[in-house]
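Protein chains: 2
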Amino acid sequence: MACNQNKQNITTDKRKLTEIFPKGEKGLSETFTGNAYNTGLVDADSTFTTAVGNVYFEPGARSNWHSHPAGQILIITDGVGYHQIEGKPIEIIKKGGIVKCPPNVRHWHGASAEVGLQQLYIVPNTEKGIVKWDEAVTDEIYQNVK
Amino acid sequence: MACNQNKQNITTDKRKLTEIFPKGEKGLSETFTGNAYNTGLVDADSTFTTAVGNVYFEPGARSNWHSHPAGQILIITDGVGYHQIEGKPIEIIKKGGIVKCPPNVRHWHGASAEVGLQQLYIVPNTEKGIVKWDEAVTDEIYQNVK
Numbered sequence: 001m002a003c004n005q006n007k008q009n010i011t012t013d014k015r016k017l018t019e020i021f022p023k024g025e026k027g028l029s030e031t032f033t034g035n036a037y038n039t040g041l042v043d044a045d046s047t048f049t050t051a052v053g054n055v056y057f058e059p060g061a062r063s064n065w066h067s068h069p070a071g072q073i074l075i076i077t078d079g080v081g082y083h084q085i086e087g088k089p090i091e092i093i094k095k096g097g098i099v100k101c102p103p104n105v106r107h108w109h110g111a112s113a114e115v116g117l118q119q120l121y122i123v124p125n126t127e128k129g130i131v132k133w134d135e136a137v138t139d140e141i142y143q144n145v146k
Numbered sequence: 001m002a003c004n005q006n007k008q009n010i011t012t013d014k015r016k017l018t019e020i021f022p023k024g025e026k027g028l029s030e031t032f033t034g035n036a037y038n039t040g041l042v043d044a045d046s047t048f049t050t051a052v053g054n055v056y057f058e059p060g061a062r063s064n065w066h067s068h069p070a071g072q073i074l075i076i077t078d079g080v081g082y083h084q085i086e087g088k089p090i091e092i093i094k095k096g097g098i099v100k101c102p103p104n105v106r107h108w109h110g111a112s113a114e115v116g117l118q119q120l121y122i123v124p125n126t127e128k129g130i131v132k133w134d135e136a137v138t139d140e141i142y143q144n145v146k
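One line per chain: the protein sequences are A and B, in this order. Residues 1 to 146 (the numbering used here) are what the first sequence spells out, left to right. Residues 1 to 146 (the numbering used here) are what the second sequence spells out, left to right.
The set of hints was computed from the structure by calculation and includes no laboratory data. Some clues are possibly wrong.
It does not matter which identical chain is meant; a pair holds if it fits inside one copy or across any two.
[Said to hold, decoys possible] With a straight-line cut-off of 27 angstroms between C-alpha atoms, the simulated BS3-like cross-links for lysine-lysine are:
#, residue 1, residue 2
1, Lys132, Lys26
2, Lys128, Lys88
3, Lys26, Lys95
4, Lys132, Lys94
5, Lys94, Lys26
6, Lys23, Lys88
7, Lys132, Lys23
8, Lys146, Lys88
9, Lys23, Lys94
10, Lys100, Lys88
11, Lys16, Lys94
12, Lys95, Lys23
13, Lys128, Lys146
14, Lys16, Lys26
15, Lys95, Lys16
16, Lys100, Lys23
17, Lys128, Lys94
18, Lys95, Lys146
Full structure from sequences and hints, please.
Printed below as a string of structure tokens:
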């Protein structure tokens with residue numbers, strides 16, 4: 001019986017995504033659909049001109065469409081999610097994956113429907129600006145995963 | 001008996017650091033002491049002007065002294081290590097921690113003596129250069145942890 005309980009605990013742990021950073025602040029409904037949590041790690045300044053943070057997306061959660069004046073790099077640290085550059089198909093992103101979005105190109109990112117996503121973002125050359133937020137990603141767009 | 005074996009497995013897993021990225025290439029003895037493994041994640045280019053990678057340091061392993069023309073940001077994803085900016089005491093760095101080293105300032109980083117370190121590095125503004133390598137960190141300096 002003790003054995004079975006142990007086994008159950010292991011399974012539960014494996015299904016939980018690794019947390020490296022604090023969960024952070026819930027993203028506003030003006031810029032996110034569903035539950036997404038942002039932790040700022042490095043604030044932009046004039047020395048490093050780089051902003052870094054972690055976002056945890058619960059299953060189904062995603063950002064609005066948005067763009068970055070100098071582009072963005074995503075580093076996926078756990079889970080499974082989606083990333084779409086406007087005009088291209090949704091790409092599935094997973095633990096260990098890297099995504100680049102070029103400057104001034106609209107994109108969105110978030111968790112898959114079934115599994116959450118932990119991702120770091122890097123915004124380089126912040127002297128050009130950080131982010132321009134646009135409209136929400138509709139369910140129709142979100143569900144159009146091939 | 002089966003229970004005990006399970007328990008042992010759990011303990012072993014907990015002591016192993018989380019691996020998000022492939023282990024990578026062993027760092028050269030010209031620039032590292034001990035066993036350190038580097039995986040490049042983002043190569044510097046003219047669009048993002050940012051280099052990103054992961055280094056896994058085995059216990060006792062550390063970089064040589066070095067500097068970055070535009071500075072460096074470290075993101076600690078697991079384990080325990082040391083970071084020292086020249087002229088300052090060694091700081092202990094841990095999972096979830098962030099380190100910044102200003103431009104053209106000499107520093108070194110690596111694992112603690114007992115526990116390994118997983119860390120991401122971000123080198124911003126790579127148009128100014130990436131890294132300038134200097135001499136190895138002696139055992140005397142490495143062991144001078146308060």
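Right, here's what the structure says about each hint:
1. Lys132 with Lys26: For lysine 132 and lysine 26, the Cα distance is within 27 angstroms only inside one copy (19 angstroms; across copies 40 angstroms).
2. Lys128 with Lys88: within (25 angstroms within a copy, 33 angstroms between copies)
3. Lys26 with Lys95: Close inside one copy (22 angstroms) and across copies (22 angstroms); limit 27 angstroms.
4. Lys132 with Lys94: within (25 angstroms within a copy, 33 angstroms between copies)
5. Lys94 with Lys26: both (22 angstroms within a copy, 25 angstroms between copies)
6. Lys23 with Lys88: neither (31 angstroms within a copy, 32 angstroms between copies)
7. Lys132 with Lys23: The answer is within: 24 angstroms in one copy meets 27 angstroms, while 36 angstroms across copies does not.
8. Lys146 with Lys88: within (12 angstroms within a copy, 53 angstroms between copies)
9. Lys23 with Lys94: both (19 angstroms within a copy, 17 angstroms between copies)
10. Lys100 with Lys88: For lysine 100 and lysine 88, only the intra-copy Cα distance (14 angstroms) is at most 27 angstroms; the inter-copy one is 36 angstroms.
11. Lys16 with Lys94: both (15 angstroms within a copy, 21 angstroms between copies)
12. Lys95 with Lys23: Classified as both: same-chain Cα gap 17 angstroms, cross-chain 14 angstroms, threshold 27 angstroms.
13. Lys128 with Lys146: Answer is neither: 35 angstroms inside a copy and 41 angstroms across each miss the 27 angstroms cutoff.
14. Lys16 with Lys26: Within. Shortest intra-copy distance 18 angstroms satisfies the 27 angstroms Cα cut-off; inter-copy 31 angstroms does not.
15. Lys95 with Lys16: both (13 angstroms within a copy, 18 angstroms between copies)
16. Lys100 with Lys23: both (24 angstroms within a copy, 22 angstroms between copies)
17. Lys128 with Lys94: Classified as neither; 29 angstroms inside a copy, 32 angstroms across copies.
18. Lys95 with Lys146: Within one copy only: 19 angstroms inside, 36 angstroms across.
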